[in-house]
Amino acid sequence: MTEQSTSRSISTLNHPHTRVVAAEIVVDDSVARVADFRGSFRTKTEQRIDALDTYCRACRRPYADVAKSSCAAAINNRHLIGGDQSIGAKRKMPTPPPAGAKLVAGGKFTRYGLKAYVCGACST
Numbered sequence: 002m003t004e005q006s007t008s009r010s011i012s013t014l015n016h017p018h019t020r021v022v023a024a025e026i027v028v029d030d031s032v033a034r035v036a037d038f039r040g041s042f043r044t045k046t047e048q049r050i051d052a053l054d055t056y057c058r059a060c061r062r063p064y065a066d067v068a069k070s071s072c073a074a075a076i077n078n079r080h081l082i083g084g085d086q087s088i089g090a091k092r093k094m095p096t097p098p099p100a101g102a103k104l105v106a107g108g109k110f111t112r113y114g115l116k117a118y119v120c121g122a123c124s125t
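Take the sequence shown: its position 74, counted from the start at 1, is 75 in the working numbering, and no numbers get skipped.
Treat the hints as calculated values from the structure; they're not laboratory data. Computed from a prediction, not measured in an experiment: that's the story for all the values here. Hints should not be assumed to be uniformly reliable.
Straight-line distance between alpha carbons at most 30 angstroms, and here's what the computed DSS-like set of lysine-lysine pairs gives [stated by the list, open to error]: (1) K93 / K109; (2) K103 / K93; (3) K91 / K103.
Work out the full structure, taking the sequences as your base and the hints as a guide.
Written as C-alpha cells, this is what we have:
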C-alpha cells in the first residue's frame with residue numbers, strides 16, 4: 002500500500018504544474034505608461050487583485066481539471082496536438098464533373114506588373 006502511494010507522489014513531483022492566475026488590475030495613467038514601456042509594473046502593498054482564471058502555464062489546463070495530476074507539457078506535447086494524428090479525418094475527394102461536360106481552358110493572365118494592376122489582379 003505504501004509503495005503505490007509513494008509512486009503516485011513521486012510521479013506528481015516529477016512533473017509539477019506551473020500555476021498562473023489571469024487577472025485584471027485597474028491602474029492610473031502613469032502606471033499604465035510604465036507597464037507598456039517595461040512590460041511589468043509594481044503594485045501597492047496588500048493590494049487585492051481579482052483572479053479571472055487559474056491555470057497551468059505549461060499545459061494551459063484549468064486548475065480544477067489537473068489539480069491532482071502531473072503536468073502533461075512536462076511529459077510531451079500530445080495534449081496540444083489534439084489526439085492521435087494517425088486516425089485523423091481523411092481528405093475529401095473532389096466530385097467528378099457531370100457526364101458529357103467539357104473542360105475549357107481559361108485565359109492566361111499575369112499577376113505582376115502594370116497588366117496585373119490594370120486587370121485588377123492586385124490591389125494597391
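*Broken hints, by number*: Violated: none.
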